[in-house]
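If you read the sequences in order, they're chains A and B.
Quick note: to get the numbering used here, add 181 to the position in the first sequence (first position is 1).
Quick note: to get the numbering used here, add 6 to the position in the second sequence (first position is 1).
Rather than coming from a laboratory, the hints here were simulated on the basis of the structure.
Worth double-checking, as some hints may not be accurate.
[As the list claims (entries may be wrong)] No more than 20 Å apart at the CA atoms, straight line, and that leaves these computed lysine to aspartate or glutamate pairs for EDC-like: (1) B/K151 / B/E141; (2) B/K170 / A/E254; (3) B/K87 / A/E351.
[As the list claims (entries may be wrong)] Sample of chain A residues lacking proximity to chain B, with all beta carbon distances greater than 12 Å (derived): (4) L230; (5) P330; (6) E336; (7) A394.
Even glycine gets a Cβ: it sits at the ideal position worked out from N, Cα and C.
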Amino acid sequence: MLRLQHVTFSCEDPARVAEFWAALLGYERAPAGASWIATDPHEEDVRLLFNKMAKSETIDVPIHLDINVPDREAELARVLQLGGSLVETKSYEIGELSDTTTIMRDPEGNGFCLEGLPNTKRAHIWNITFACAEPRPLGRFWAFALDWPGEDIDESILQKFRDAGVGEPELSGFHLVKAPNGGRPRFYFHRREKSRPESYPIHLDFAADDREAEIERLVQAGASVVETKQGTNLTFTVLRDPEGNPFCVG
Amino acid sequence: MLQLLNITFSCSDPGRLAEFWGTLLDYERAPAGDSWIATDPRGEGTRLLFNRMEKSETIEVPIHLDVNVPDREAELQRILKLGGQLVETTSHSIGELAETWTVMRDPERNGFCIQSPPNTPPHRYIGNVTFSCAEPPQLGAFWAKALGWPEEEIDENFSQQLRKAGVDERELSALYAIRPPNEGRPRFLFQRREKSRPASYPIHLDFRTEDREAEIERLECAGASVVETKKGVNVTFTVLRDPDGNPFCVR
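For reference, chain A alone in the conformation it holds in the complex (with noise of 0.2 Å):
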């Protein structure tokens, strides 16, 4: 099974994201060759990569990070002084359901949402979210992929939904993975239309601790192969999920 290793960043200039990320989320950075890797204190967050690599433009980025904070407005002006940029803040309702979000960019354009949560003490990456066409049956992979449980959407919220006039296909747009511990991050589904960019900005890393073995088992759960690359020290396998996601286990 997959265990995530980093959350890596295509960058123009990897210093630059790795101190905005860094100072976002109080982590502890540090130069790793050409790259640049953010790491967690406490040693509960997963780490981001920041890789000096090509990638293409996005309208809506097919995968993005959520980041709960303590205090969403309070959060807004400071991530502009680290300059990142708003899009917009956004409220949702749906009956008598009803959720925050602010859509930020980090300085090399890449979207993401700060949430805040109740109870948050400090800021910490929540959701890694999958913009795609069905997000339950690409749920299953990756729930299959790490050995999370497959759970199904809380039947109560789903009859308030109904009760509120939502129908399908809203009813199946939305799926959640996360790790039997309750630990960070949880991976989050959504159906709607996404980039389709060459070259993603953001991508994940896995290892595994028998590559060959696991790639077969990936690739029966409907994941393709792209190549498998050897490093110095490491060969990784580049594959892609059903919807296309590319992601490595090393």
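Assemble the complex: chain A is given as a structure, and chain B must be docked to it using the hints.
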């Protein structure tokens, strides 16, 4: 120059969809062969045409309608009774600017929005035909030329407020609008958003023109491409695509 003739829906059940939209907009509807037509009895709003035609599934419809209503909350309840469905009510704010609309689906799942902007007249009408596109000012300029409509000026004060709120430079070109002279309706609104690229569009626009062949040449020079020309019993029309690939018809 093009004149907007119909907003055309590809449907599996034209009668049902015409009933929904006719009731929603207070239009009168009538069958026309296998199709249905809905028209504004006030003679102001664009005619809607419902054809029995193949359409592809979409996640984000490339073209949708924004309907202006006097009371959005009341309208949401009325539309649910007519057979529409709710997607969500969205409010967005940038600095001190704020706006709220409700996203819904018609009985054949076409997404549309209802909104109550300030100074909405006391009746329901199609406020915008909205295009999702990569480069709003570029696509907007094509349609401004095709229709001979002026671009809607963006208040410098408004842009200034956006900048003051820390808005990304790119967001300043994320919206573009053109509108018929003399406060006519609907506006054409262009928003930067990834859209589905279906083989068969669920909604397209039909235009008429004085001299079809000359007009097509003019549109091709502006960046449109011709798909085909079809000869019907009473009418010959040409199917084109705008620079972003959105199909439209000219007769």
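Tested hints:
The hinted pair formed by B/K151 and B/E141 meets the criterion: a straight-line CA distance of about 16 Å does not exceed 20 Å. Of the pairs offered as hints, the one joining B/K170 and A/E254 holds, with about 15 Å between alpha carbons and a cut-off of 20 Å not exceeded. Of the pairs offered as hints, the one joining B/K87 and A/E351 holds, with about 18 Å between alpha carbons and a cut-off of 20 Å not exceeded. Listed as a non-interface residue, A/L230 keeps its Cβ farther than 12 Å from every Cβ of chain B; the least gap is roughly 24 Å.
At the 12 Å boundary, the C-beta of A/P330 stays outside the reach of chain B, the nearest C-beta of that chain being 27 Å off. With a closest Cβ-Cβ approach of about 19 Å to chain B, A/E336 is found to remain outside the 12 Å limit, as its non-interface label requires. Non-interface status of A/A394 relative to chain B is upheld: no Cβ of that chain comes within 12 Å, the nearest being about 35 Å off.
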